[in-house]
Amino acid sequence: MTKKQKKMLLRILITAVMLAVLHLLPITGVPQLIAYLAAYLVIGYDILRKAGRGILNGRAFDENFLMALATLGAFFLAVWTRSGDYVEGIAVMLFYQIGELFQSYAVGKSRRNITALMDIRPDYANIETDGELHQVAPDEVAVGSIIVVQPGEKVPLDGVVVEGTASLNTSALTGESLPRDVRAGDEIISGCIDLSGVLKIRTTKAFGESTVSKILDLVENASSRKSRSEAFISRFAKVYTPVVCIAALALAVLMPLGRMAFGASPDWADWVYRALSFLVVSCPCALVISIPLSFFAGIGCASKEGILIKGSNYLEALSEAKIVVFDKTGTLTQGVFEVTGVHHSPYGEQQLLEYAALAECASSHPISKSLQAAYGSEIDRSRVTDIEELSGHGVTATVDGHRIAAGNGKLMAKLGISYQDCHCVGTIIHMAIDGQYAGHIVISDVVKPHAKQAIEQLRRAGVQKTVMLTGDSKRVADSVAAELGVDEVRSELLPGDKVAQTEALLAANSTKGKLAFVGDGINDAPVLTRADIGIAMGAMGSDAAIEAADVVLMDDDPMKIAKAIKISRKCIRIVHENIVFSLGVKLLCLLLVALGFANMWMGIFADVGVMVLAVLNAIRALFVKKL
1273 MTKKQKKMLL
1283 RILITAVMLA
1293 VLHLLPITGV
1303 PQLIAYLAAY
1313 LVIGYDILRK
1323 AGRGILNGRA
1333 FDENFLMALA
1343 TLGAFFLAVW
1353 TRSGDYVEGI
1363 AVMLFYQIGE
1373 LFQSYAVGKS
1383 RRNITALMDI
1393 RPDYANIETD
1403 GELHQVAPDE
1413 VAVGSIIVVQ
1423 PGEKVPLDGV
1433 VVEGTASLNT
1443 SALTGESLPR
1453 DVRAGDEIIS
1463 GCIDLSGVLK
1473 IRTTKAFGES
1483 TVSKILDLVE
1493 NASSRKSRSE
1503 AFISRFAKVY
1513 TPVVCIAALA
1523 LAVLMPLGRM
1533 AFGASPDWAD
1543 WVYRALSFLV
1553 VSCPCALVIS
1563 IPLSFFAGIG
1573 CASKEGILIK
1583 GSNYLEALSE
1593 AKIVVFDKTG
1603 TLTQGVFEVT
1613 GVHHSPYGEQ
1623 QLLEYAALAE
1633 CASSHPISKS
1643 LQAAYGSEID
1653 RSRVTDIEEL
1663 SGHGVTATVD
1673 GHRIAAGNGK
1683 LMAKLGISYQ
1693 DCHCVGTIIH
1703 MAIDGQYAGH
1713 IVISDVVKPH
1723 AKQAIEQLRR
1733 AGVQKTVMLT
1743 GDSKRVADSV
1753 AAELGVDEVR
1763 SELLPGDKVA
1773 QTEALLAANS
1783 TKGKLAFVGD
1793 GINDAPVLTR
1803 ADIGIAMGAM
1813 GSDAAIEAAD
1823 VVLMDDDPMK
1833 IAKAIKISRK
1843 CIRIVHENIV
1853 FSLGVKLLCL
1863 LLVALGFANM
1873 WMGIFADVGV
1883 MVLAVLNAIR
1893 ALFVKKL
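Just so we're aligned: the sequence shown equals residues 1273 to 1899 in our numbering.
Please keep in mind that the hints were generated in silico from the structure rather than gathered at the bench. Hints may contain errors.
[Stated by the list, open to error] For lysine to aspartate or glutamate, the following EDC-like pairs were computed, each having C-alpha atoms within a straight-line distance of at most 16 Å:
id	residue 1	residue 2
1	Lys1472	Glu1435
2	Lys1477	Glu1459
3	Lys1724	Asp1759
4	Lys1686	Asp1706
[Stated by the list, open to error] Here are the in silico distance ranges between beta carbons for each label pair:
id	residue 1	residue 2	range
5	Ala1456	Val1852	56 to 66 Å
6	Phe1895	Ala1503	19 to 29 Å
7	Arg1321	Pro1721	51 to 61 Å
Even for Gly, the Cβ is constructed at its ideal location relative to N, Cα and C.
Work out the full structure: start from the sequences and follow the hints.
Here's what the structure looks like:
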């Protein structure tokens, strides 16, 4: 328990003891009133203070105002009727504070659980100076510095391993329980925990731009993006509270006056009591507390699974996903390309690979990297000039004085060069040297191990259509789509075509559901933004993935898409349950109180009970292991 919670518990115990003692003491009149007021102030002074501040700030109609008005009114009735029954007003405040304490503890516990799951913020970085390690703040480490990470320590900054081998715990980032082995040359992201071995890492990003900083910022700011349900509750509370206050006033004043008009006794005490009980019951605590808590728990639970959702509005939209559109490379396939053949080249295999690797040396595209890897020698960029990249076509460059063109069939057609098709399934890089066709290179990608299963899981999750968009050839695209069981495939697309295809799918969407696009977060940024929900393969810390998408999968596993949808639907189901349950019980109790079938005691038990049950139901969103 926090210090504040312990203090509240002490106030509750003191008030309970005071009520027991006062019940036994034979005091009456003014001393009795003063004694019970003292007990009331012990348990309720903070509510009175908040109510007063609300009135001064122009926000009078909140739960603090309702509780203060109802309990002080109960005291007034006891004085007016000279009944000496001051217990009711104190008991109402006491049970309300018990409910608030329980709610505070439950919310705090869920926040602590989520904080523990996301406990990836590094405390320090080790810098080696003169053979000794010195701890410095991560934000003080310059890009390009060498840091040392020892077993048991968190990796404080993104970088590349320059020395050492180790196993890393990445569960806080990816949800993956199996350790990841790294060695010299491997990229490494902040937030991982070194399980074994000393690593020397050359930093590639400042702390503010590192993966851990971006993730923490995402999680911390997720609550600022409210869902439709949360917005509804906010609007509802603003209208609801004044309405119930007016209704209570009508009960207290109009009903007695109506009875007087018909010649009956006004019975002021009874109707004022009903009005005060009406105010106690009307407190919308269960809705105001449980709905945001449900979304907070859902987002936190998704984070534990390696799924970063940027806000509750995106969580709600994800629950309505009916069409899922995929990019191919890096999303459904591993994006690790290998040269599997060189055909029809008069220059020989090695010479053609050399020209291709040099022409592609300025590109970071996976295909370019695979060509450079197949060449196997160091790239001398001084041999290359006049590099021109043609989006969706390929590149042209001058290598050793020869004009080289490397790209797809569209590039050859654009240059007016005849080319030969290949019987192999894969990405075909056609080569032209000095305007003459020089053969082609076959590059193949590998389907991700869980990709087919991911498509099946999406169907089980209620997704009605899956579509694959790719710039690859029709033959390769059709082969991958058939292997995975994708419903539709659209191939040979330029980057701009993907946006157009997505817009066409949105326009043709006959369902009331949302369209989600899944891409690698770099080339697909425009489509990620255009779709109803953008889901990015995090690529272990890709900046574009985190910036462009609404949802980020930190371990690039397409199986997590169905998991994310199931988490979102469970969360929304809990939200709807709490709304229906809270409003249903609330309206029933309000009716019973207005008709005189329920008193203030029943009202407070109903209010606190509904709040406790709603909070407990909201916490269910934290548990998704069986989804």
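Status of each hint after checking the structure:
no.: 1; hint: Lys1472 - Glu1435; in the structure: 5 Å, holds
no.: 2; hint: Lys1477 - Glu1459; in the structure: 12 Å, holds
no.: 3; hint: Lys1724 - Asp1759; in the structure: 12 Å, holds
no.: 4; hint: Lys1686 - Asp1706; in the structure: 15 Å, holds
no.: 5; hint: Ala1456 - Val1852: 56 to 66 Å; in the structure: 58 Å, holds
no.: 6; hint: Phe1895 - Ala1503: 19 to 29 Å; in the structure: 26 Å, holds
no.: 7; hint: Arg1321 - Pro1721: 51 to 61 Å; in the structure: 60 Å, holds
Hint check: no violations occur; every hint is consistent with the structure.
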